[in-house]
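Q: One letter stands for each residue in the lines below.
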Amino acid sequence: MADRRVTPVHVGEFQEEGGVVLTSVDAVINWARKNSIWPLPLGLSCCAIEFMAVAASRFDMARFGAEVARFSPRQADLMLVAGTLTYKMGEACRRLYDQMAEPRWVIAMGACAASGGMFRSYPVMQGIDHIVPVDFYIPGCPPRPEAVLQSIMALQKKIEKDSPSRQILRRTAAPVATE
Amino acid sequence: MSAPPEAPSPLARRVERSVEDSGRIFLNMGPSHPSTHGVLRIVLELDGETVVRAEPDIGYLHRGMEKIAETYGFTKFIPYTDRMDYLAPIANNIAVCTAAEVLMGIDLPPRAKAIRVVCAELGRISSHLLGLGAFAMDVGALTVFLYCFRERETIYNFMESLTGARFTVSYPRVGGLSRDMPEGWADAVRRFAEGLPARVDRDIERLLTRNRIWIDRLQGVGTIPREVAISYGLTGPNLRGSGVEWDLRKEMPYFGYEQYEFDVPVGTKGDAYDRYLCRVEEIKESARIIRQALERMPSGPISVGDGKTFLPPKEKVMTRMEELIHQFMIVTEGPKAPVGEIFWAHENPKGELGFYIVGDGTARPYRLRMRAPSFVNLSILPWLLPGAMISDTVAILASLDFVMGECDR
Amino acid sequence: MEAFPDAGIEAREFRGQWWIDVPRERVLDVLRLLKEDPDLGFVFLNDVTCTDHPEEEPRFRVVWVLTSFSRKERFRVRTRCPEEDPVVPSATPLWAGADWLEREAFDMFGVKFAGHPDLRRILMPEDFDAFPLRKEFPMEGTRSDRQWAKWVLERARRTEEGRP
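Residue numbers (my numbering), protein chains in the order written: chain A, 4 to 182; chain B, 117 to 525; chain C, 25 to 188.
By construction, these hints were calculated from the structure, which means they are not laboratory data.
Any given hint could be a false lead.
[Stated by the list, open to error] Pairwise CB distance ranges (calculated):
{"no.": "1", "chain 1": "A", "residue 1": "Val-71", "chain 2": "C", "residue 2": "Ala-154", "range": "42 to 48 Å"}
{"no.": "2", "chain 1": "A", "residue 1": "Ile-171", "chain 2": "B", "residue 2": "Lys-385", "range": "55 to 61 Å"}
{"no.": "3", "chain 1": "C", "residue 1": "Lys-174", "chain 2": "B", "residue 2": "Lys-424", "range": "33 to 39 Å"}
{"no.": "4", "chain 1": "B", "residue 1": "Lys-385", "chain 2": "C", "residue 2": "Glu-108", "range": "25 to 31 Å"}
{"no.": "5", "chain 1": "A", "residue 1": "Val-71", "chain 2": "B", "residue 2": "Lys-385", "range": "23 to 29 Å"}
{"no.": "6", "chain 1": "B", "residue 1": "Ile-141", "chain 2": "A", "residue 2": "Ile-171", "range": "36 to 42 Å"}
{"no.": "7", "chain 1": "A", "residue 1": "Trp-41", "chain 2": "C", "residue 2": "Lys-174", "range": "41 to 47 Å"}
{"no.": "8", "chain 1": "B", "residue 1": "Trp-499", "chain 2": "C", "residue 2": "Asp-153", "range": "30 to 36 Å"}
[Stated by the list, open to error] List of simulated lysine-lysine pairs, DSSO-like, C-alpha gap at most 27 Å:
{"no.": "9", "chain 1": "B", "residue 1": "Lys-385", "chain 2": "C", "residue 2": "Lys-96"}
{"no.": "10", "chain 1": "B", "residue 1": "Lys-366", "chain 2": "C", "residue 2": "Lys-59"}
{"no.": "11", "chain 1": "B", "residue 1": "Lys-229", "chain 2": "C", "residue 2": "Lys-159"}
{"no.": "12", "chain 1": "C", "residue 1": "Lys-159", "chain 2": "B", "residue 2": "Lys-385"}
{"no.": "13", "chain 1": "C", "residue 1": "Lys-96", "chain 2": "B", "residue 2": "Lys-366"}
Each residue gets a CB set at the ideal place from its N, CA and C atoms; glycine is no exception.
When you get a sec, could you build the whole thing from the sequences and use the hints?
A: Here's what the structure looks like:
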């Protein structure tokens, strides 16, 4: 759904992989990013309650640096769509996604966000990926909090593979991990 | 397939100003907002800090459950009721199963009723804990939220050992319960219920009830007079906080609630503080009911055995023809409702959850209407919010303790 | 629930619950009588809802569910209205809670309530053009995912640029 941007290949000083300097810079930036993922909990329905349980003391999202739930999209990195998305709400969801600054990721928590879930009915969007690009889908109705934590860890692994230094140094539109 | 018509977006719908050029501003609260307890959108017209007009906009979680019920039938519909009031899913399941049983004219064995009482009260404790926790968090007392969740995790453990799921349980069936209490469950729940009032005192009441800030923020805020509460159809702690002594468990009892000794807290002034106190006291009363129900737990079957509504025991299904046919009919079609209609309501944690079911002789209800307490409780907002400050809006919304899953269905 | 004073209306019962069927012109009088009579005292409106019977004439049935605190009982009042003229009187003069309940009945069935202050859709988007709980409306809806997604994205893009 998002635009595909292609990196023009620059033959020049920097090797494609970046060399030792850039990979170290990448590693530092990725380490900082992955350990401070601030979620925008789009808590729509029951999965929001399990999300609250993840944020509470038993499962404790703060271990991952992610307990800072910012409800303003400008301040959040991860949009965690937890619950059923209806068509009426879809516009709000898309606008929130548009307002988030890069790098941004989207996790579809629960069966309803992933595919409409048990609601094959007239007002329910059959999955949020019709309107926003999704990085991870967490199955479950609702998913256990451990599954949510697993998805955050998987997101951390995805962030580790990112190359933010290319974007910063070359000032070209590098394909960011958000597609 | 029709193409969608061109029209302004719902979020940009114009709310006309009451007085032109008055300098009032419109503030859009929601649908994604930390304090609206779900996807509720309120358009506030403000004169400085005071709310002059409030127009709620709901339907952002409308999932078409009533239509689904007409298509799917009673047993398949039980998981959908979990997702209605998702703070106490077990209570909704119990309400819909009982409504179907009333329609079909089934009387449950006493053990099933007692277990349903225990589950309903556990659901009430769980819902009020989260309601209070979110209430405290919105007003600013974040610690209470974490303490409440600690207690809720214990309840989740109980639900998981009883039903297999922490949260969206789908535990009862039409005609009984899907499984009996496991070994040691009753003792563990009893110990939990015995210690709960002391923990609520220590972790919630000592932090909040006589807290100067809490009292200043809640007393006199969101006052609902008695007649207004009745006229708007409020139920549950919202109605009782305004001084109306109406609790279905006492006035129109079901499941044998008349044999349990418990009090129903009723407020005097109808403000947010009274509603808070009602909920805290209700947690303690629920613990009392659970203790009594577990002490007097009758033995016996947990389901009706006529084979028309509830699955027969597996040993008989595997060895006898009649039970095999019953199993087949119940699994493929489901329990059949007679031609007729009923309205049946339960005292849910949020208020009175009512089901108006019209049966047509088949296994699917002709019409299943859910009278959701949160829907009716929210209708008072256009009356209640004007005159309050913006910061009071948050306290008022939290004190009404609604859930959008139930409101929009 | 037996002694109902109105002439010509009989009360019916199923599973211990009682109701009456009244013609739609008399609904408001009956509701007012039930509410204000001190012996009856049905001061509480639980619910206003509809059922759809497309093969019968009149098509829609509207049901009011009332509770009496003093008698600790419930009672239902039913009426019918045809498809060509789906109007019944609104109970908002008697109960403020009827406001939203009637809006939902209108939203889902298309039944109009005469005298309602602000009858518009409440659960579906304002510009939705069908009535979902009517029997001919399919559960999955009449628009495809792609059409709906296009609708949503169009709205989101427009309000971003337009800044209303």
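Q: Hint by hint, say whether it matches the structure.
A: Verification of the supplied hints:
Our hint of 42 to 48 Å for A:Val-71 and C:Ala-154 holds, since their Cβ atoms are close to 43 Å apart. At about 60 Å, the beta-carbon gap between A:Ile-171 and B:Lys-385 stays in the expected band of 55 to 61 Å. Checked against the given bound of 33 to 39 Å, the beta carbons of C:Lys-174 and B:Lys-424, roughly 48 Å apart, lie outside it. Our hint of 25 to 31 Å for B:Lys-385 and C:Glu-108 is violated, since their Cβ atoms are close to 50 Å apart.
Under the hint 23 to 29 Å, the C-beta atoms of A:Val-71 and B:Lys-385, about 38 Å apart, miss the expected range. The given range of 36 to 42 Å is respected by B:Ile-141 and A:Ile-171, whose C-beta atoms sit roughly 40 Å from each other. Take A:Trp-41 and C:Lys-174: their Cβ atoms lie about 31 Å apart, and the range 41 to 47 Å is violated. The hinted window of 30 to 36 Å between B:Trp-499 and C:Asp-153 holds, with their beta carbons roughly 31 Å apart.
Between the alpha carbons of B:Lys-385 and C:Lys-96 the distance comes to roughly 24 Å, so the proposed pair stays at or under 27 Å and holds. For the hint linking B:Lys-366 to C:Lys-59, the alpha-carbon distance of about 22 Å falls within 27 Å, and the restraint holds. Only pairs whose Cα atoms come within 27 Å are accepted, and B:Lys-229 paired with C:Lys-159 is rejected, the gap being roughly 36 Å. Distance hint between C:Lys-159 and B:Lys-385 is unfulfilled; the C-alpha atoms sit about 46 Å from each other, more than 27 Å.
The suggested pairing of C:Lys-96 with B:Lys-366 holds, with an alpha-carbon distance near 10 Å, which does not exceed 27 Å.
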